[in-house]
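One-letter residues, chain by chain:
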Amino acid sequence: MLRWLSQKIRSGLAKTRGVFTGVFDLLRGKGKVDQAFLDELEKRLYLADVGTQATSQIVERVRQAFRDKEISGEVETFVKQQLRELLGHEERDIRWSATKPTVILVAGVNGSGKTTTIAKLAKRFQDQGKKVLLAACDTFRAAAVEQLTVWAQRIGCDIVKQQQGANPSAVAFDACERAKARGYDVLIVDTAGRLHTQTHLMKELEKIYHVVGRQIPGAPHEVLLVLDATTGQNALQQAEQFTKVVRCSGIVLTKLDGTAKGGAIFAIKQKLGLPVKFVGVGEQLDDLEPFDPDAFVAALFE
Amino acid sequence: MFEGITRGLSEALRKLRGRGRLTPDNIREGLREVRRAFLEADVNFHVVNQFIQRVEAKATGQEVLARVDPAEQIIKIVYDELVALMGPVDPRIPQRADRPVVLMLCGLQGSGKTTTAAKLALTLKERGRKPMLVAADLQRPGAVEQLQTLGSQIEVPVYSERTTPVDVCRNAITAARRQLCDSVILDTAGRLQIDQQLMQELQRIDTLVQPDEIYLVVDAMIGQEAANVAKAFNDALELNACILTKLDGDTRGGAALSIKAVTGVPIKFIGVGEKLDKLEEFVPERMAGRILGQGDLMGVVEKIAAIQKQISEEELKKQQEALAKGDFTLDMFRQQFSLLTKVGMKDLISRIPGMAEMIPEGEDPEIALRRVQGIIDSMTRQERARPEIIDQSRRRRIARGAGVDVAEVGQFLKQFEQMRQLMRQMSQMTLWQRLKMVAGLGQMGAFLPGGLDKIQIKPADASRRKSARERAEERKRRNKKKRR
Ligand SMILES: Nc1nc2c(ncn2[C@@H]2O[C@H](COP(=O)(O)OP(=O)(O)OP(=O)(O)O)[C@@H](O)[C@H]2O)c(=O)[nH]1
Ligand SMILES: Nc1nc2c(ncn2[C@@H]2O[C@H](COP(=O)(O)OP(=O)(O)OP(=O)(O)O)[C@@H](O)[C@H]2O)c(=O)[nH]1
Ligand SMILES: [Mg+2]
Ligand SMILES: [Mg+2]
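As given, the protein sequences belong to chains G and Z, one line each in that order.
Count along the first sequence from 1, add 3, and you get the number used in my numbering.
Count along the second sequence from 1, add 1015, and you get the number used in my numbering.
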């Protein structure tokens, strides 16, 4: 079952595990489930950015179920189960369209890893034998187009672009036309980083979303929100606002190769039902893994 | 937003009101709210606990001041402590005579190093210095081009060569000397603090080039990791300061406290936008307000303070005296307004929570403001001093002069009267109450026509008033008619 875990993500999670190892040790310790135990559990969850709500929920459930009982394997199973339940059970594969092309819109705040993730996804799909087209709709940030172009060259896939400062919706439009005309299997749309509080930029994103939908019925079939695992509680606001504007269908949690735990995904799942679909574990093309919540939780306590 | 913490605290400390002392028990109850607020603001868990202990010690035994809400008293202690911990700030960038001063930027991937490098260069340029940017990120696709583009935008030379980061930095210093640049800014590649190899690369640059200052660039949205990241970079490089980016969003930015508390490294600048002029000096007072969940209220207060500075001292004194008596005149109002437009109403509005919603869709806030100015400007000096003399015929004249509806003039006068009453109330308030009031005003859109409706001084005939949007629509209809 753990076969999906590449060596890379294993080492990534080893650090993720670091924090949760405390829980594990805690769970395997001797004594009673007393206040000190619960405080310790709370601390571990907070340090993993799980946040006030999800943390107090888990701690409260453990308190109710095990208060003053001896620490046992049951407590461990229970805590894991709680975490696993929070992550949900839905489909985590890309929602492929029955007709070509499948359009994937990628959005997120500045610097979260959108462009790099797109390169990784493109590589992945191409390795699966699909014909991939990229749309460089970040026409704002300096050299954003060049960045995506370099990746496209390395992967050997096609890219639709205009000069910096061009209208991103126009680029999206061109890309849709090209994808339809030349029979591409997947079109992945890169967008400029934007903070979810910037109304005009969120409107711009919404426009790209609608343009794509008008050109290709049912598109975008997948809207991926790219979330930096290092982010704290603001991740929830990000997910909320982006989902409101472009109906996100999944999350890519990046930079999990660092020590960050990305614990905010628990609250996001709970509040918005948004599942994590992929995780980023490095800066290279192969550093992308599908997210498997069972393995994730299990690995946390391995 | 501001209510977030105060309401919870007030609730917990209600019974304290009046006489008594702050005791460990009742304080602890109140501080639980503070703790929650801090954790939600992403302050590191350990830092929160230490901080709470300090405040507890400070607060215990303090007399509960008469007429002051104990909750406010605690917040004041928390606020002061926060400010003290995050300060002091030194916004200067060193200079030296013997060679160009070298600044090195480092940090995690995507934190904003390259953008910040260009922002710093622009700041230096504006201070009359001659900066050079150095593209030492040879790792990420497009990184060099990114810096080159930014450099050309602000007309600052960018040094690059396709060798190694260490060589780039070393050779850049020579090039800077040759081009008579007095400051060199090294933009390094993003890296994880646990990446031994890349951290050593930074140390090699440090040893070889001996930067005068090393700044850690941190994304303000960072969570609990802030403490670990800052500690590791500081251990490896002895940081001089930290720059927090992306504070233009709604993150509470607890990292500012975590970083300073864990490493002692001060925050020097903050990034508040993608554009290159969006770099500001770090202001602990503002950050404290933000961490406590007041939005950027302190920013607003600060801005208002700046506006007031522009008014001559004498004028200010006269106004304050008048205010104390409750004599807020239309002249003063008009003056405040034009100053508001001067500092950029748009900017101000975007900082006040809830304000943006008050502006009718499609209407430019500055235009809305200008309409009000037009009304005031169409009044005589007498009318401005004593608005109560404005009768129906005067209203008609003013409306004609300002090119608005008579009803709109009446509406405005009514609102002004409400504001005058508010001002009178405010002159009798404590600072904290006033702050809260300003926050409330902001939410209600006090600076805008129509906004004051929402503040209920007396539950007046609110039902008859039109919303800002309705009035905007009416105006549109009117204008159309005129054109025909
Ligand atoms: N360690 C690590 N770094 C990553 C990962 N994903 C992306 N990065 C790095 O994060 C930085 C930002 O990535 P980009 O792909 O440019 O991010 P973006 O969201 O497109 O940025 P903007 O377009 O500027 O908003 C780059 O240095 C990437 O190499 C990851 O999974 N792990
Ligand atoms: N909203 C906002 N965006 C910012 C700010 N500073 C930087 N950015 C954006 O954040 C993203 C990443 O910025 P970069 O300057 O490329 O970050 P970096 O640290 O150089 O990234 P790497 O070199 O890939 O590690 C870009 O989209 C920037 O435009 C800021 O203060 N506010
Ligand atoms: Mg990008
Ligand atoms: Mg960079």
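Keep in mind that the hints were calculated from the coordinates and are not lab data.
In this text, all values refer to a predicted model and were calculated from it rather than measured experimentally.
Treat the hints with care, since some could be wrong.
Per label pair, the in silico range of CB-to-CB distance [to be verified]:
{"#": "1", "chain 1": "G", "residue 1": "Glu-93", "chain 2": "Z", "residue 2": "Glu-1141", "range": "33 to 39 angstroms"}
{"#": "2", "chain 1": "Z", "residue 1": "Lys-1073", "chain 2": "G", "residue 2": "Glu-77", "range": "40 to 46 angstroms"}
{"#": "3", "chain 1": "Z", "residue 1": "Ile-1382", "chain 2": "G", "residue 2": "Lys-183", "range": "54 to 60 angstroms"}
{"#": "4", "chain 1": "G", "residue 1": "Thr-202", "chain 2": "Z", "residue 2": "Asp-1105", "range": "32 to 38 angstroms"}
{"#": "5", "chain 1": "Z", "residue 1": "Gln-1068", "chain 2": "G", "residue 2": "Lys-35", "range": "23 to 29 angstroms"}
{"#": "6", "chain 1": "Z", "residue 1": "Gln-1168", "chain 2": "G", "residue 2": "Arg-87", "range": "46 to 52 angstroms"}
{"#": "7", "chain 1": "Z", "residue 1": "Lys-1073", "chain 2": "G", "residue 2": "Gly-34", "range": "33 to 39 angstroms"}
{"#": "8", "chain 1": "Z", "residue 1": "Gly-1279", "chain 2": "G", "residue 2": "Gly-34", "range": "35 to 41 angstroms"}
All C-beta atoms in this analysis are idealised placements derived from N, C-alpha and C, irrespective of residue type, glycine included.
Now for the hints, and whether the structure bears them out:
The hinted range of 33 to 39 angstroms is not satisfied by Glu-93 (chain G) and Glu-1141 (chain Z), whose Cβ atoms lie roughly 52 angstroms apart. Our hint of 40 to 46 angstroms for Lys-1073 (chain Z) and Glu-77 (chain G) holds, since their Cβ atoms are close to 44 angstroms apart. One distance hint, 54 to 60 angstroms for the beta-carbon pair Ile-1382 (chain Z) and Lys-183 (chain G), is violated here, with the actual separation near 43 angstroms. Separated by about 35 angstroms at the C-beta atoms, Thr-202 (chain G) and Asp-1105 (chain Z) satisfy the suggested range of 32 to 38 angstroms.
In this structure the hint that Gln-1068 (chain Z) and Lys-35 (chain G) lie 23 to 29 angstroms apart at CB holds, the actual value being about 26 angstroms. Gln-1168 (chain Z) and Arg-87 (chain G) have their C-beta atoms about 49 angstroms apart, which keeps the hinted 46 to 52 angstroms range intact. At roughly 35 angstroms, the beta carbons of Lys-1073 (chain Z) and Gly-34 (chain G) sit within the given window of 33 to 39 angstroms. The beta-carbon spacing between Gly-1279 (chain Z) and Gly-34 (chain G), approximately 37 angstroms, falls within the hinted interval of 35 to 41 angstroms.
Hint compliance for this structure: hints 1, 3 are broken, all remaining hints hold.
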